[in-house]
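Chains as they are written, first to last, in my numbering: chain A, 1 to 145; chain C, 1001 to 1145; chain P, 2001 to 2413; chain H, 3001 to 3413.
It is worth saying that the hints were derived from the structure and are not from the lab.
Glycine residues also receive a C-beta, built at the ideal position from the N, C-alpha and C atoms.
Please note that a few of the clues may not be correct.
[What the hints assert, rightly or not] Which chain P residues face chain A? A few, computed with CB under 7 Å, are given here:
| hint | residue |
| --- | --- |
| 1 | Pro2013 |
| 2 | His2348 |
| 3 | His2350 |
| 4 | Asp2351 |
| 5 | Gln2358 |
| 6 | His2367 |
| 7 | Pro2380 |
| 8 | Ser2381 |
[What the hints assert, rightly or not] Facing chain P, from chain H, some residues (calculated, C-beta under 10 Å):
| hint | residue |
| --- | --- |
| 9 | Asp3028 |
| 10 | Asp3041 |
| 11 | Met3063 |
| 12 | Asn3099 |
| 13 | Met3127 |
| 14 | Pro3129 |
| 15 | Gln3162 |
| 16 | Thr3165 |
| 17 | Gln3167 |
| 18 | Gly3235 |
| 19 | Gly3254 |
| 20 | Arg3263 |
| 21 | Ala3266 |
| 22 | His3350 |
| 23 | Thr3354 |
| 24 | Gly3378 |
In case you want the letters, here they are:
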Amino acid sequence: MSDLTDLYQAVILDHNKRPRNRGKLPQATRVASGDNPTCGDNCTVYLKMEGEKIGEISFEGSGCAISQASASLMTTQLQGKTLAEAESEFDEFKNIVTTGEEPADFSEVAAFAGVHAFPARIKCATLSWHAAIDALNKPDQPVEN
Amino acid sequence: MSDLTDLYQAVILDHNKRPRNRGKLPQATRVASGDNPTCGDNCTVYLKMEGEKIGEISFEGSGCAISQASASLMTTQLQGKTLAEAESEFDEFKNIVTTGEEPADFSEVAAFAGVHAFPARIKCATLSWHAAIDALNKPDQPVEN
Amino acid sequence: MSSDFSNLRVDFPVLDQHVGGHPLVYLDNAATTHKPRAVIDAVARFYERDNSNVHRGLHALSMRATDGYEAARARTARFINAADSAEIVFTSGTTASVNLVAQGWARDNLKSGDVVLCTEMEHHSNMVPWQIVCQQTGATLKYIPVLGEDAEGGLDMEALDQLLTEQVKLVAFTHISNTLGTINPAAEICAKARAVGALTMVDGAQSAGHEDVDVQAMGCDFYAFSGHKMAAPTGIGVLYGRRELLDHMSPWQGGGGMISVVRYDASEWKPAPERFEAGTPNVADAVGMHAAMDYLDSVGRPKIGQHEAELAALAYDRLSELPGIRLLGPRSGEPRAGLVSFAFADVHAHDVVTFADQDGVALRGGHHCNQPLMHKLGLPSTTRASFYLYNTPEDVDALVTSMRRILNFFGAG
Amino acid sequence: MSSDFSNLRVDFPVLDQHVGGHPLVYLDNAATTHKPRAVIDAVARFYERDNSNVHRGLHALSMRATDGYEAARARTARFINAADSAEIVFTSGTTASVNLVAQGWARDNLKSGDVVLCTEMEHHSNMVPWQIVCQQTGATLKYIPVLGEDAEGGLDMEALDQLLTEQVKLVAFTHISNTLGTINPAAEICAKARAVGALTMVDGAQSAGHEDVDVQAMGCDFYAFSGHKMAAPTGIGVLYGRRELLDHMSPWQGGGGMISVVRYDASEWKPAPERFEAGTPNVADAVGMHAAMDYLDSVGRPKIGQHEAELAALAYDRLSELPGIRLLGPRSGEPRAGLVSFAFADVHAHDVVTFADQDGVALRGGHHCNQPLMHKLGLPSTTRASFYLYNTPEDVDALVTSMRRILNFFGAG
Ligand SMILES: Cc1ncc(COP(=O)(O)O)c(C=O)c1O
Ligand SMILES: Cc1ncc(COP(=O)(O)O)c(C=O)c1O
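Extracted from the complex, chain A is given alone in its bound form (with noise of 0.2 Å):
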């Protein structure tokens, strides 16, 4: 059970009950959806630019514990960023739940570590920065909600 409690650990369950930055962003300008259809987990990324900053970030989507809560945290340290600082943020993140390493910095996105154990989750800790990334990529225009 000492991997398991690694990997749902307490930051994960937290934002897997409590979500944040989650619905739909009504001014959004770039929008972007992944899925994992093997499992059905799938994650729509809502960002409201300001200027080459996300100024509001949101998400949508259903899938396990692990890519909501993912999910969630990623909106909060995506929040104001760059595209090439989310880029940054982003590598830092595979980085974690691919070798466990946790980041020197102490951050909540340690709380992933856990997942490098559990190799077929990795894709639903990345579903979301994988959205979130095609998004800022995108040019800005006006998105049908």
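With chain A's structure known, arrange chains C, P and H with the ligands on it following the hints.
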């Protein structure tokens, strides 16, 4: 080696070396061919009918010693026979090569009893017989040689 | 619940292991089953004694390999009561068998205006090949609906009667649903199809190793199954087809072994079954499947099926007591095959399966190759527990205990 | 002739037996090879410890099975130096691999006026699929001729230059001929094909397990081989395809595992390699093939190839002393792979093989899935002796002694 000399009995070696009734039959009225493409064996049987009976019979083709000897012996057996008689001879022959039981009446076809120990060779032994029966089942008509 | 069955566990070496510190409780049998020692040994023995290519060989090993391969074919014919060994085509599995019929029969015989009938509960392997061939030929694919909000009502047989027009050329349906546990009335569907002149393709992946199958009594035209789902090796499966049909079908693959004559400009085919077995066949695994058939029939497939069904019924009833659970397929007391699919309101199937694994309980979570049905039922995925002869009532206990623990862990208990 | 090789015989349990009262001398390796203990055990171990379905599973066994299957794919990529594991598609064998390209690539891309180039020495498995798809698409199949009355001259490379027009869309050729022992200049043919914009499909059935293969250096677009011809189990094979090609090819089979989205009306496919692996894959035999690759590379494929070639050269020279013999393929002293095909003027190949079998010598007699070439050479069939790492010069002695005895028996000596 006992099996082998059973298979290649003197009768068979003799018919293989000096096949009887080999070659085209100029006045043939019926002809049929068969082949065993997986081995490259092939056999054509020519018949000149006299009423319901086989007047003259010959074969052509190439194949292993078993198939050549069997064709040669078959021509000597079926000479003068009707379709019904030929079919019953073939039944007896099939019985010999599949069961190894030698016929009660002493006859050359008993030489083929050894084939039953080599199931892969049964087709070689029966190829020419099949062609002969096919030919017998056809109507008489001039055959282009 | 015969106690004979727990004695059989020792025949399956893989069961003798711990996962997450707990004894393995393997409940993923609808995905694949384990192999008894007799099957593992039959494959090894083939490689140790008889290994050779088949058909064209005249030396001792080759004749033994050919005999072994053809004996497996004859055994398979007996296993499903086919009239003739020539009606048994060895393939790599159910999926390949269905694709063979789709491309070898349907592609030549369907045209615009024709209809293929499938069911809403089909596995992707008996659905996607029909989508593809309908797209290729212009035929239309229609679905027999599944009744009930939890699909508890089975196939809508009245809808079937309406859908079964003269345009229908083929009805492709699963004998037992791998997602719902529903047992379809195969003989009845085949009879109805035959009455309008349609052929039938029965997906036997979940039935062949679980009950006595008699394709002649069932009256189907094609029946497909996989070895690995019935105690046999991976990589081998079967297509049964009525001889008249097989002998008139186009080959699906060209190559060695399926030809009678090859010239540089064109070729001629052997009759069935060789016509459909291009290339060197999977001899060792056919021999292994023969051993699996002997094993299953020595236990008795009707007994196996009853045992599994009892375990599934027990699991259904025990699980239905859990809070927030939604159970799919036949309700308690209704006939059900040896599996149960369910979903919790607040815990996703992935979390369930990962959690159960730590308790040593192997489950499957996902869409079970049945995405459109999941979509219709409004579920992203379910958790499935599926039983086989080596499972026991204690395995059901372990399942239920593990489910209670996860509900507690996620605060949903 | 390194003595290391006779030490390897003990690794192959099947060799330790008598046939017709004589120790088995297995010279039918071009048809199928034997499996070392390490491979037999790897398959058994998979069933005993890790057996499970792959891909969609989240429990321990399923993750181990997936890891084993994907490790086999990565190992296969290294085995032939593919740039990327995603370029490795597991199939049931060479024949299936060729058919996959014929139906997945050629059927969509060929049209009337296009040309597929094949060779006169192709195995039916790399010939009949092209006949079928040319018939389906209206493209024309042409053949690169083989030179010499005993086919001793190899492919006619000048004719190739003439045949290689802009109309040629694909050149399909064997790396090593299973009938002649000819080694074709694969890199050169691929370069010439590329120069006119044609793709290349290399049949590696006789080369993959016999020399270090580097698909990137060879410059081919597709390369196919079978596990069973290189010490691995039956029922598993490989299609290598360049990623850009695979990602744009249509799936060949529909079903579970190859889809990303299935709706009742239509479906979408996963990228390669999954797109081409519908259904439950042959996991155990992929794991077995991994073990075979490790085994072969621990011995060293270049050493294996050289050893076989030495035995074949020895056999060629010794056999050429026999009366009435006709030997096919490269002449003495010319490069030749590890096999020899021959025919006697007065004794048919069937009689030769049956006779040799009684001496314990396993040979193959027939057309070797190369009917049209046999026809061109005016031979109904030949006898073939083919060698692998476990054969020895003593095996060549046994072969020659047996051939002398049969010539005497039939009064042809
Ligand atoms: C040159 C060649 N190509 C293709 C094949 C076909 O391989 P398989 O029968 O394993 O599909 C063979 C062997 O039979 C061969 O020797
Ligand atoms: C009902 C059903 N049909 C078809 C299949 C496909 O079988 P396979 O993957 O062995 O080809 C399965 C299992 O995956 C199944 O459960």
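Status of each hint after checking the structure:
Annotation: Pro2013(P) was flagged as interfacial toward chain A, and the flag is violated, the nearest CB pair being 25 Å apart, outside 7 Å. Hint status for His2348(P): holds, given a least beta-carbon distance of 4 Å to chain A, under 7 Å. Satisfaction of the interface hint for His2350(P) is found here, the shortest Cβ-Cβ separation to chain A being roughly 4 Å, below the 7 Å cut-off. With its C-beta approaching chain A no nearer than about 5 Å, Asp2351(P) sits inside the 7 Å limit, and its interface hint holds.
Checking Gln2358(P) against chain A: minimum C-beta separation of about 5 Å stays under 7 Å; hint holds. A hinted interface residue such as His2367(P) counts as satisfied when its beta carbon comes closer than 7 Å to some beta carbon of chain A; here the least separation is about 6 Å, so the hint holds. Because the smallest distance between the Cβ of Pro2380(P) and any Cβ of chain A comes to about 3 Å, under 7 Å, the interface hint for this residue holds. Interface hint at Ser2381(P): satisfied, since its Cβ lies 4 Å from the closest Cβ of chain A, which is below the 7 Å cut-off.
Evaluation of the Asp3028(H) hint against chain P yields a held restraint, the C-beta minimum of about 7 Å falling below 10 Å. For Asp3041(H), the shortest C-beta to C-beta distance to chain P is roughly 8 Å, which falls under 10 Å, so the interface hint holds. Among the interface hints, the one on Met3063(H) holds; its C-beta lies about 9 Å from the nearest C-beta in chain P, closer than the 10 Å criterion. The beta carbon of Asn3099(H) is positioned within 10 Å of a beta carbon in chain P (closest approach about 4 Å), and the interface hint is therefore held.
Using the Cβ-Cβ criterion of 10 Å, the hint placing Met3127(H) at the interface with chain P is satisfied: the shortest such distance is roughly 7 Å. Hint status for Pro3129(H) relative to chain P: holds, with the closest Cβ pair at about 4 Å, below 10 Å. A hinted interface residue such as Gln3162(H) counts as satisfied when its beta carbon comes closer than 10 Å to some beta carbon of chain P; here the least separation is about 17 Å, so the hint is violated. Checking Thr3165(H) against chain P by beta carbon gives a least distance of about 19 Å; that is not within 10 Å, so the hint is violated.
The restraint placing Gln3167(H) at the interface with chain P is violated, with a minimum CB-CB distance near 18 Å, outside the 10 Å limit. This hint holds: Gly3235(H) has a C-beta 3 Å from the nearest C-beta of chain P, less than the 10 Å allowed. With its C-beta approaching chain P no nearer than about 3 Å, Gly3254(H) sits inside the 10 Å limit, and its interface hint holds. The interface hint given for Arg3263(H) is met, as the beta carbon of that residue sits about 6 Å from the closest beta carbon of chain P, less than 10 Å.
For Ala3266(H), the interface hint holds, since its Cβ comes within 10 Å of a Cβ in chain P; the closest pair sits about 6 Å apart. A least Cβ separation of about 6 Å between His3350(H) and chain P falls short of the 10 Å threshold, and the interface hint therefore holds. At about 5 Å, the closest approach between the beta carbon of Thr3354(H) and any beta carbon in chain P falls short of 10 Å, and the interface hint on this residue holds. A distance limit of 10 Å between C-beta atoms decides the matter here; for Gly3378(H) the minimum to chain P is near 15 Å, and the interface restraint is violated.
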